[in-house]
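**Q** The task is simple: from the sequences and hints, build the whole structure.
At position 190 of the sequence shown (counting the first as 1) the number is 190 in the numbering used here, and the numbers step up by one without a gap.
Restricting the straight-line Cα-Cα distance to at most 25 angstroms, the calculated cross-link-like pairs of lysine-lysine (BS3-like) are:
no.: 1; residue 1: 205; residue 2: 192
no.: 2; residue 1: 134; residue 2: 215
no.: 3; residue 1: 182; residue 2: 221
no.: 4; residue 1: 108; residue 2: 17
no.: 5; residue 1: 156; residue 2: 215
no.: 6; residue 1: 103; residue 2: 18
no.: 7; residue 1: 215; residue 2: 192
no.: 8; residue 1: 156; residue 2: 232
no.: 9; residue 1: 156; residue 2: 134
no.: 10; residue 1: 192; residue 2: 156
no.: 11; residue 1: 138; residue 2: 192
no.: 12; residue 1: 215; residue 2: 232
no.: 13; residue 1: 138; residue 2: 123
no.: 14; residue 1: 234; residue 2: 156
no.: 15; residue 1: 123; residue 2: 156
no.: 16; residue 1: 232; residue 2: 192
no.: 17; residue 1: 123; residue 2: 17
no.: 18; residue 1: 72; residue 2: 203
no.: 19; residue 1: 232; residue 2: 72
no.: 20; residue 1: 123; residue 2: 182
no.: 21; residue 1: 215; residue 2: 72
no.: 22; residue 1: 234; residue 2: 192
no.: 23; residue 1: 221; residue 2: 192
no.: 24; residue 1: 134; residue 2: 198
no.: 25; residue 1: 232; residue 2: 123
no.: 26; residue 1: 2; residue 2: 232
no.: 27; residue 1: 221; residue 2: 138
In case anyone wonders, no lab produced these hints; they're calculated from the structure.
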Amino acid sequence: MKFLVLEDEVYTRKFIKKIISENAPTSEVFDTSNSRDAINLAIDHHPPIAMLDMELEGDDLNGLEVGRMIQKINPETKIVFITGHSKYAVSAFDVHPYDYILKPINVKRLIETIVTLTNSIEKNSVNEKKGIEKIVVKNGNEMLFISVENILYVEKADRNTIIHDENNAYCVQDTLQELEMKLGNNFLRVHKSYIVNKDKIDKIKEVGERTYEIKFLNSHKVAAMSRTGYGKFKEELKNRIL
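**A** In structure tokens form, the structure reads like this:
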């Protein structure tokens, strides 16, 4: 598992590397204090996980800007922002970070994030090789076995997470982030509230300056797509063609 660590404080960078090595011992860590170096490392190594300091003293870019660039390079990279100020949380939302960790770093929280991300990514890799057919989700006191190939999209509506196929909608206890990790590379986060099955997309229509609407094959259902999500989708199409 490859990690990218961007942190301008030497002690904190070494500390994060130490925690990674102790809790994901087979991982390879690429670390830097410079935003441009971080972008180049992302281009060269395509790390599945990037842990980015939001504030980089004396740098021409901040961690949020680096995160946006990394997602253009590899939309599947999971971003974890680390910062001393909670005020950046809202501005970071368009990047859809997996986690947002405040300084001083809570060691338990950092370990949980590293272990959960590593296990999920490795599990997805195995599932892709096996051709995962179903996911298991909780619905109240029931366990639902849902065919992945039939899923159109997953939606966050208020406090609910809803899985949609052509005919049904399932309200489940899993979070959008948890389902994003379970579903694998056929699914793409295109909006803060939507994950879609790329193979089920029929049309994408621009409905506003920063908003798009997705229509699905053999269905009247629609999902929203943000401008950032549209950019990620176009990048994926380009990579498929290449």
